[in-house]
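Number of protein chains: 4
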Amino acid sequence: MKVGIINVTGYAGMELARILYQHPEVEIVSATGRSLAGKKLGEVFPHLAPYDLTITEEVDEADFIFSALPSASSAAACAPWVRRGVPVIDIAADFRLKNPDDFQRWYGEPHPAPDLLEQAVYGLPELHRERIIKSGVVANPGCYPTAALLALAPAYAEGLIEDQIVVDAKSGISGAGRGTGSSFGYSEVNESVSAYRVEGHAHLPEIIQELAGLQSGREPGLTFVPHLVPMTRGILVTCYAPLTRPMTPLELRSLYRSFYGTSPFTRVVDYPPATKYTLGNNMCLVYPTVDERTNTLISIGAIDNLMKGAAGQAVQNMNLMCGWPEETALESLAVYP
Amino acid sequence: MKVGIINVTGYAGMELARILYQHPEVEIVSATGRSLAGKKLGEVFPHLAPYDLTITEEVDEADFIFSALPSASSAAACAPWVRRGVPVIDIAADFRLKNPDDFQRWYGEPHPAPDLLEQAVYGLPELHRERIIKSGVVANPGCYPTAALLALAPAYAEGLIEDQIVVDAKSGISGAGRGTGSSFGYSEVNESVSAYRVEGHAHLPEIIQELAGLQSGREPGLTFVPHLVPMTRGILVTCYAPLTRPMTPLELRSLYRSFYGTSPFTRVVDYPPATKYTLGNNMCLVYPTVDERTNTLISIGAIDNLMKGAAGQAVQNMNLMCGWPEETALESLAVYP
Amino acid sequence: MKVGIINVTGYAGMELARILYQHPEVEIVSATGRSLAGKKLGEVFPHLAPYDLTITEEVDEADFIFSALPSASSAAACAPWVRRGVPVIDIAADFRLKNPDDFQRWYGEPHPAPDLLEQAVYGLPELHRERIIKSGVVANPGCYPTAALLALAPAYAEGLIEDQIVVDAKSGISGAGRGTGSSFGYSEVNESVSAYRVEGHAHLPEIIQELAGLQSGREPGLTFVPHLVPMTRGILVTCYAPLTRPMTPLELRSLYRSFYGTSPFTRVVDYPPATKYTLGNNMCLVYPTVDERTNTLISIGAIDNLMKGAAGQAVQNMNLMCGWPEETALESLAVYP
Amino acid sequence: MKVGIINVTGYAGMELARILYQHPEVEIVSATGRSLAGKKLGEVFPHLAPYDLTITEEVDEADFIFSALPSASSAAACAPWVRRGVPVIDIAADFRLKNPDDFQRWYGEPHPAPDLLEQAVYGLPELHRERIIKSGVVANPGCYPTAALLALAPAYAEGLIEDQIVVDAKSGISGAGRGTGSSFGYSEVNESVSAYRVEGHAHLPEIIQELAGLQSGREPGLTFVPHLVPMTRGILVTCYAPLTRPMTPLELRSLYRSFYGTSPFTRVVDYPPATKYTLGNNMCLVYPTVDERTNTLISIGAIDNLMKGAAGQAVQNMNLMCGWPEETALESLAVYP
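Protein sequence lines correspond, in order, to chains A, B, C and D. So this note's numbering is basically just the index in the first sequence, starting at one, shifted up by 878. So this note's numbering is basically just the index in the second sequence, starting at one, shifted up by 878. So this note's numbering is basically just the index in the third sequence, starting at one, shifted up by 878. So this note's numbering is basically just the index in the fourth sequence, starting at one, shifted up by 878.
These are calculated hints, taken from the structure and not from any lab test. As the structure is a computational prediction, the values presented were derived from the model and not from experiment. Wrong hints could be hidden among the right ones.
[To be verified] Which bits of chain A does chain C cover? Going by a derived footprint, with three or more residues having C-beta under 8 Å, they are:
hint	segment
1	893-901
2	922-931
3	1137-1151
4	1201-1213
[Claimed, not checked] On the chain D side, residues computed to face chain C include the following (Cβ under 7 Å):
hint	residue
5	P1120
6	L1121
7	P1124
[To be verified] Sample of chain A residues lacking proximity to chain C, with all beta carbon distances greater than 10 Å (derived):
hint	residue
8	K880
9	Y889
10	V907
11	E936
12	E939
13	A991
14	D993
15	K1012
16	E1040
17	R1056
18	E1069
19	H1079
20	I1086
21	R1111
22	N1159
The C-beta atom is built at its ideal place from N, Cα and C for all residues, glycine as well.
Put together the whole structure using the sequences plus the hints.
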């Protein structure tokens, strides 16, 4: 399969190249990056030196496209490929929200290709595996929504939680992307934790849309606050919600395990997971439990934001779309410690 | 004032020594530390080398006592001094909970000096300044409760929040104390975030007790989950609760500012604070705001866990007890970046 | 191939298990760990959960043995296997020094199996590939010596440097091993750099022995100072030596490239490498250059101390001993950023 | 004393403001910062909120000037003040090198005020205290030269070392300054160590010039390689040189202690220092020892690069120039852990 990566020079694009190096069915034939076009991939990113590939301005020809452009500029680059029938996975946000008005509200511009939204599938395999398999354009979920949805979906689908849901998310700095200037400079984010976009982060509507889909469209009341923590990779979400009926932790874990069944990359665990258990790996670890004093669900999800939260999940989606084993190129264990 | 520090060899004790070095009214005459007795303070902790002080097994004579022993062993060491009328600040948890049964439930042993609980004052100056001034024994608050109470007190006192309060706390690793072995080894906690004691942390009853005191004894429904983040110092608490009536962020900030008045070490700010803004400093930064979509209070507190969360607050309490300006020895600005 | 790992519960042992998970020719049949015997591997190390393996006290039966015991206790555990003709790779130091007196001097005890020293091969494939292929017992090099030797060998072999060699090494904290107590606690090693064992580290004689082997036994004058830096993985060595004759940086790089030829895991690069370019990966990046003002060789080597510095190199050696492609199970790219 | 700070918005300028907050003799009347002019200092840097000061474009009137502008643009801003007779401390490099050709060679531009070089004093109090006291313009030393010179000066002055000196320096990221873009972004420098400017760093000629001054102008052969390590503050230099005659570590320590006498901010210690022992503090810890196997001096220096390596030393120099106690405003102990 000849693969093109649009914008290999951001963190998600780089990570795609890293993963696909081990994919037996894939050859990267083209990888773009505006300002770095003409350079060897390994010159810019030494860990990718084994690739003998030159960064270009445009994808020439490909049988499969990944776009890792920034949100709001990705759809326009993807659209021609979609219209030509080439399968596309968009790692940006452009095809995630079904309602183009939501896109405008949260991303500040009119949607560049609203006619394609209907055919796009939200690429969270644990919720939409069958539709992804048949899809030609997949909207790869955001990093926070991936962790939050996997931590909340079984409980929300079951009607155990409805409103007053709190998603408190902690992300490593790579979530801010590459080349983000001094506000993410080492000296200032190191040894510090802070919340940001407290009044509204663009990943919120995704979480709401996808939870709503699990309860015939009923939208939850949900507050989402993202935080930056001083580490490179990893997202931990801690979700809280009043339970609509009493549950023991064991019942809850059992419910979650049924819900995820044989999904290879979501593991329900019996201990609070550390993000480090997923570093470099595509797993989401979910720990649902109950604060029995207050009858509150506490559900914790841990992922590597560049893997299950971005490029790893994109490869998982590609495997589904192409009929390959879902785990292909995603088998290596987390790098620990 | 001749001061004795019981257990100078933990992080809180060390930090006390660091702060008091600049205190014009204080001389440390005695500092204990079981296994290190006989050594020079500066030999064990090179940053304290300017002290010419030898660690001893017992405090000999002192006009003022700080105990920085671990919880459950501190009260027994403090009791003789309290009974002799020497003013004592206990940085451990032993005098914090008014009900000795609560102590037994959360700390696993009978309270060693229940008769002294009544005279002990909970040493959060923002709530109990007048009582601290007159007290002979002060229970220095826990690190998490300090941040959580300062983030929640004005709203709770006003009846704006009542139940379904969530306190999601993120702490640097020094909160775990010194000499805690491999589970806090660098290689394993670095580049990782995780929750711990999800089902119940001993700081919870403190938070509930003190909030209850603000609403004639009404105990809130409150869920508290602490997390470890890879940094040495700092606590950020993000608190959530449904508002009992609508408020704008501005009204809320104004309410908080009135509540804290001229308290020198709690500053209500207009941006989400970073813990790094408090590193090495006694300030608590509080940012209360509203998720207007869901009518939810979000209130964020940031402190240095060893300063306002432990030794700094202890010195603030000492200043109050001794009639000195509250800021004495606590004026240096945060070390940033 | 049925493989046994003696002491899977240290960092090198864990890392071996992580790598071998992807090895198509290998099945781990036995993995020991004194205090954790009886536990599931995935219970102790969640990232190894996909293994369905219980830690035992002893290796039962195996066709290939890795020992990841601490130095000075490993040889005794390996000896019976060696004598039985089962191939063994010792990741500890026990078989590295040819002269048993050196072992005693640097490790403080008599060598437990001096009769086996002669048949043991020092497992640095770049120097001893042919002998490793034929060997039944391989002494896996230390982490510092691996990086230092690969940075110095071509120049020393060529007689370009002889004496007054300085090896200034910077290691991540995982080099200190697992369970090393408070002196490697996060709070104390974070945000700090320091040198240790300045007067003599046990890896020094290895470096000298192996350099000597490149110049018919001539031992270099060499000073080695290791440092701890606040990161989990990675070693950077910066080596300095007066050049015996003038060289340009280009000549030097060319010499190094000839020396390493097609060795798959040592890459001579044209820029000062960062350890992060090797994280989770078996590569050693070497950057040799010249301070032309003083006619001094500067040669920098970067590795992941747990990979090329320990378990990765052990798997590379196993591949050689077993006649498999040298890169088997070692192909994944570094995890960056 | 009415003080003006030119460019308060870089790290050195910020740090000056932080220190001077505790200086009893000083009032900051003016603080400039191009792009941030018009903003309150505390709005830009929350830890400086207690200052009620607005950033301006120019210093209006002042009795004492600190310039924290980047090198090569500082001299032009300082010159008018110097000519008017207002005492100036330049934290940039512009007045450090006596020979204006050296400036041009290392900083790439003609010196903007070569006529002032002669009266400028190199502001390392341990070497030039008497001249600083009488000076009107002080060139504050670079961070690396401060640590390197304090580690080497006593041995060089004594003729114990002459050539083949190696200075291997490890710096925290704040040394790169504020607003330095993605190459110092957290995600890329975290968990990584690398060397930079291996072929020549602009701090090298300072080190050589000042050592030469200690041996009647004899310039040493010296190789200097700086490294970045993942921490915010701190520099550790490890210096190596063949000894011209045998010395024991004790003799060496004794020599160093005599050399530094009562200098308040250089302490000769008996253990390898950690940079963390100096965090937020103006101390330089020096550990000289001997590799007796090779008769090599090893001398290690540790400082906080923003304190003794920049702003702290500037305040120390100001105290000397103004006749105040040298330690004024510099007494607080290091923040540890």
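For each hint, the structure was consulted:
1. Counting residues of the segment 893-901 of chain A whose C-beta lies closer than 8 Å to any C-beta of chain C gives 3; at least three are required, and the coverage claim holds.
2. For the segment 922-931 of chain A, the stated coverage by chain C holds: 6 residues have a C-beta nearer than 8 Å to a C-beta of that chain, and at least 3 were required.
3. Residue count for the segment 1137-1151 of chain A with a Cβ under 8 Å from a Cβ of chain C: 4. That meets the three needed, and the coverage hint holds.
4. With a cut-off of 8 Å between beta carbons, the segment 1201-1213 of chain A has 5 residues touching chain C; three or more are needed, and the interface restraint holds.
5. For P1120 of chain D, the shortest C-beta to C-beta distance to chain C is roughly 6 Å, which falls under 7 Å, so the interface hint holds.
6. Here the hint on L1121 of chain D is broken, as its CB sits about 11 Å from the closest CB of chain C, past 7 Å.
7. Interface hint status for P1124 of chain D: violated, as the beta-carbon distance to the closest one in chain C is roughly 14 Å, over 7 Å.
8. Taking the minimum C-beta to C-beta distance to chain C, about 20 Å, the non-interface status of K880 of chain A holds against the 10 Å cut.
9. For Y889 of chain A, the requirement that its beta carbon stay farther than 10 Å from each beta carbon of chain C is not met, with the minimum near 7 Å.
10. With a minimum CB-CB distance of about 18 Å to chain C, V907 of chain A clears the 10 Å threshold, and the non-interface call stands.
11. Every Cβ of chain C is farther than 10 Å from the Cβ of E936 of chain A; the closest lies at roughly 25 Å, confirming the non-interface assignment.
12. At the 10 Å boundary, the C-beta of E939 of chain A stays outside the reach of chain C, the nearest C-beta of that chain being 25 Å off.
13. Distance check on A991 of chain A: its Cβ is at least 31 Å (rounded) from any Cβ of chain C, clearing the 10 Å threshold; non-interface status holds.
14. Against the 10 Å criterion, D993 of chain A stays outside the reach of chain C, whose nearest CB is about 37 Å from its own CB.
15. Chain C leaves K1012 of chain A outside its interface by the beta-carbon criterion, the shortest separation being 29 Å against a cut-off of 10 Å.
16. Listed as outside the interface, E1040 of chain A is consistent with that label: its C-beta sits roughly 32 Å from the nearest C-beta of chain C, beyond the 10 Å cut-off.
17. Not every beta carbon of chain C lies more than 10 Å from that of R1056 of chain A, the smallest distance being close to 8 Å; the non-interface claim is violated.
18. The Cβ of E1069 of chain A does not lie farther than 10 Å from every Cβ of chain C; its closest approach is about 7 Å, which violates its non-interface assignment.
19. Every CB of chain C is more than 10 Å from the CB of H1079 of chain A (nearest about 22 Å), matching its label as outside the interface.
20. I1086 of chain A, annotated as away from the interface, keeps every beta carbon of chain C farther than 10 Å; the closest lies near 31 Å.
21. For R1111 of chain A, the non-interface assignment is contradicted: its Cβ lies about 8 Å from the closest Cβ of chain C, within the 10 Å cut-off.
22. Consistency note on N1159 of chain A: stated as away from chain C, yet its beta-carbon is not over 10 Å from all of that chain's, at 7 Å minimum.
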